Amino acid sequence: MDFSHVDSSCHHLFELSNQERARACLKDFFLPHPSAERLFKKMDMIMSMPRKVVAPCLLCLGQGGAGKTSTVEELQRRNATSLNRIVFVTMHQNADNLGLKELILGEMGLDTSRRARQSRRISPELQYIIKSENIKAIVIDEVHDALTLSPFQRKINLSLLKNLSGTTYGLSVFAFGVPDAARFLREDPQLARRYAVHNLESWENGQDFRNFVFSYIHRLPLKKPTDFRDQNLCLAIIEKSLGITDNIVKILQASAWAAIADGSERITLNHITKVEEIMAQELGLSLQGLEQVRMDRERA
1 MDFSHVDSSC HHLFELSNQE RARACLKDFF LPHPSAERLF KKMDMIMSMP
51 RKVVAPCLLC LGQGGAGKTS TVEELQRRNA TSLNRIVFVT MHQNADNLGL
101 KELILGEMGL DTSRRARQSR RISPELQYII KSENIKAIVI DEVHDALTLS
151 PFQRKINLSL LKNLSGTTYG LSVFAFGVPD AARFLREDPQ LARRYAVHNL
201 ESWENGQDFR NFVFSYIHRL PLKKPTDFRD QNLCLAIIEK SLGITDNIVK
251 ILQASAWAAI ADGSERITLN HITKVEEIMA QELGLSLQGL EQVRMDRERA
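Residue 82 in full-length UniProt numbering is what sits at position 82 of the sequence shown, and the numbering runs on without skipping anything.
To be clear, the hints were calculated from the coordinates, so they are not data collected in a lab.
With a cut-off of at most 25 Å between alpha-carbon atoms, the simulated DSS-like pairs for lysine-lysine come out as follows:
#1 Lys-240 / Lys-274
#2 Lys-131 / Lys-101
#3 Lys-162 / Lys-101
#4 Lys-240 / Lys-27
#5 Lys-101 / Lys-155
#6 Lys-274 / Lys-223
#7 Lys-41 / Lys-52
#8 Lys-224 / Lys-240
#9 Lys-131 / Lys-42
#10 Lys-224 / Lys-274
#11 Lys-41 / Lys-162
Derived Cβ-Cβ restraints for the label pairs, each shown as a range:
#12 Val-54 / Glu-239: 41 to 49 Å
#13 Ser-4 / Gln-231: 19 to 27 Å
#14 Pro-179 / Lys-224: 40 to 48 Å
#15 Asn-232 / Glu-187: 44 to 52 Å
#16 Pro-179 / Phe-30: 19 to 27 Å
#17 Arg-193 / Ile-129: 23 to 31 Å
#18 Glu-20 / Asn-84: 35 to 43 Å
All values derive from a computational prediction rather than experimental measurement.
Every residue gets a Cβ at the ideal spot worked out from N, C-alpha and C, and that includes glycine.
Please construct the entire structure, taking both the sequences and the accompanying hints into account.
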C-alpha cells in the first residue's frame, strides 16, 4: 500500500494494530513552524551578542494553550548539543514548593539546603559554574507563578531577575508566562527596560496556518491522504480552535483517532464538525477558551 502521503519517519507505525495506531495519533510532538523559528532565532541572536553591562532579556507571553511549554521543551532539546548552555527552570508543578532562587541554584548543581546557604557565599561559586560551563541564559517557564505571590515575595523574585542579568552573572533570562506577567515586571522600571516582549499570537487562517495543519497531518499514520483541496477543512479547524495552538493539535489528534476508529482513514470535515463530541465521549479531552467565547457572545 502507498503511504507516500505520510512522512517516512512515521511509516513504522503502520505495522501496529489499528488500536495502537489510533493511540499513536494522540502522542504529542513538536512541529517546527515560522513563528517558533523566529523566536528561536531571536534567542540565538541574544546569546551570541558580545557581553554587555546588562544582558538582554526576553519575556515571551501567551494565553493558556499558546504553546509556551512545548516551545520551552523544544528549545531544551535543541540546546542539549549547543556550546552555549541554557539552564531550564519550571515554576509549575513544583512539588517541593521551592522558590525561584532555589530552583535555579538546584538546576546549576548547587546545594540549596538552608545550612549550605548559611555556610558559604554562593555568588563566587555560581560565577564559576556560569563561566566554566559556558551558561549564557536561563529559561523560566510559568514565570507568572513566581510573580503572582505576596508583594514581599514578588519583590524578592523581581530583585533576583534583575541580579541574574546584571554585571555579576551576565545571564540573559528568557521568561515564559501569561500576559499578566508583564504587568508585574513593570513594577520595577529597570526590569521593564531590560525585557523585550515577544507575544505568542493566536493563529489566523493564512498560509502559515494551513502549512502547519498539512504538515501535522503529514505525520499522522492514516492510510489514506486527507483532501487538502477542501478549503472548509482549515476554516472549520480555525473556527473550532479559536486559533489556539493546543486546540488545533487536539482537534487533529482526535480527528485522526476517529478516522482510524471508523475506518475512513482520512480526516474529513465531518470529523472536525463532531470533534468536541468525539473528544468528550471517547477521549476525555476538551478545547480551551470555548466557554469564555460563549459568555462573551451572550453578553454581546
